[in-house]
Every structure is written in structure tokens, then in C-alpha cells.
Amino acid sequence: RKEVEQDPGPFNVPEGATVAFNCTYSNSASQSFFWYRQDCRKEPKLLMSVYSSGNEDGRFTAQLNRASQYISLLIRDSKLSDSATYLCVVNFNFNKFYFGSGTKLNVKP
Amino acid sequence: GAGVSQSPSNKVTEKGKDVELRCDPISGHTALYWYRQSLGQGLEFLIYFQGNSAPDKSGLPSDRFSAERTGGSVSTLTIQRTQQEDSAVYLCASSLVLGSGSVTDTQYFGPGTRLTVL
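Respectively, the protein sequence lines represent chains L and X.
For what it's worth, the working numbering labels the leading residue of the first sequence as 2, then goes sequentially.
For what it's worth, the working numbering labels the leading residue of the second sequence as 465, then goes sequentially.
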């Protein structure tokens, strides 16, 4: 079983839609969690950290569910510029970082 | 301020040759990471450094791969006797600290080195 699993998608949504991605992780001792965004042929860039209490940044909301071992990302009012691959990242044992293989989002006009 | 830089941006080499990839982390970042991403795939964790030390090398794909970091700054990833399956984008990232379990673990990535082994 992979340490971090994501639905690869693609999620095809119209502009203005709300879309949510989940990511599951296998190690209950994981310490920190992040969502990164990766555009085609570019390096990953941090979208947001995920805090235990959940956090929001504009149109983006991240949640952590430790009991069920998943994190989620909700994007409201999708923009064309949100089209990208979204990577879930989990930190185990204070050193290794495991990236999910990503969920591809296509926002259509 | 300057971000993470990597060189070269592209490297084409012949099978069997050695290559050296360089990473300059963000100034002051104590942790440095190397990843590999094959076309259309996720990131594969290779190795991390805390300062100049790499406590865990188990992520390196084979003994042809080695990495070092000097002066707590620049790191080089060396691949000896390259094979075609080594073709990928090699990404370096740095973070302020390692293991805080907080936002200071945030990794900032360089643009990567695209390695093609013919």
C-alpha cells in the first residue's frame, strides 16, 4: 500500500464550480500535511499547509481528519487558472516527506 | 529573495556516463531534499540532508546514486554509469528546518534538472 494515495482524476469542472479532493495516508503517526500545486512541466509550489483545526485561504479550504487518516482540499468558485495537478504531502517521522501522485484538475470555460 | 536554484536545467548524456546535478538551497535553510519525477508520475523521494548529514540513504534507487552537501549549503547529486531508466526530472527542495511538524517544514522547490539518458 502506498504511503499517500490520491485519485489521479482528471476532475473536469466548469468555471465557478466547487470541487473537492481527498488524500489518504497510511501512517497514523504522520506529523505535518501540505497541499502543493504543480503546473505542467513546472516544479511543485506550496498551496497551503493543513492544520489540525482546518484552515482557509481565500477560495481554498483544507481539512485534516486524523481518525480516518485523510486530508481534503476544497476549491470554491473555480477559476481557469486553478487548472493544475494538486499534490498531497505527508511528513512521517520528522524527516521523510511522501508526495501523492497528484490529482489533475481541469477547469473549463 | 533568491529561491532554490538548480543546474544544469537540462542535461543530455549517453548511457554509461556519469552526471552531476547541483542544487543551491535558499540561504539559511538547514534541510535539503532530492526528488525524482518521471514523466507523468508523482515525486519519488531520494534523500534528505539535515545540515551536511544524510541520515537515511535508503531512498536512493541504486548504489550508482550518491549525494553530498558541503558547508550546509550547496548539494550535488551524482549518478554514475547512467542508464536510460534514470531519465527524469530531478528536483531539489529546501526548508527552513526539518522535523518541526509545523509550517517551517514547508519545502520550496527548485526548477529541476531534466536528465535525458540516450
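Hints were generated in silico from the structure; no laboratory data involved.
Just so we're clear, the structure is a prediction, and the values are computed from it rather than from any experiment.
Glycine included, each C-beta is placed from N, C-alpha and C at the ideal position.
Take the hints with a grain of salt, since some may be wrong.
[Stated by the list, open to error] Pairs of lysine-lysine residues, derived as DSS-like cross-links and limited to a Cα-Cα distance of at most 30 Å, are as follows:
id : chain 1 : residue 1 : chain 2 : residue 2
1  : X       : K481      : L       : K109
2  : X       : K479      : L       : K80
3  : X       : K521      : L       : K43
4  : L       : K97       : X       : K521
5  : X       : K475      : L       : K43
6  : L       : K3        : L       : K97
7  : X       : K475      : L       : K105
8  : L       : K43       : X       : K481
9  : X       : K479      : L       : K43
[Stated by the list, open to error] Okay, the calculated beta carbon distance ranges per label pair:
id : chain 1 : residue 1 : chain 2 : residue 2 : range
10 : X       : R545      : L       : A68       : 44 to 54 Å
11 : L       : P11       : X       : P472      : 48 to 58 Å
12 : X       : K521      : L       : N23       : 27 to 37 Å
13 : L       : S27       : X       : N474      : 21 to 31 Å
14 : L       : C41       : X       : G467      : 40 to 50 Å
Inset, instruction - Against the earlier hints, flag every one the structure doesn't satisfy and list their numbers going up. - result: 1, 2, 11, 13 and 14
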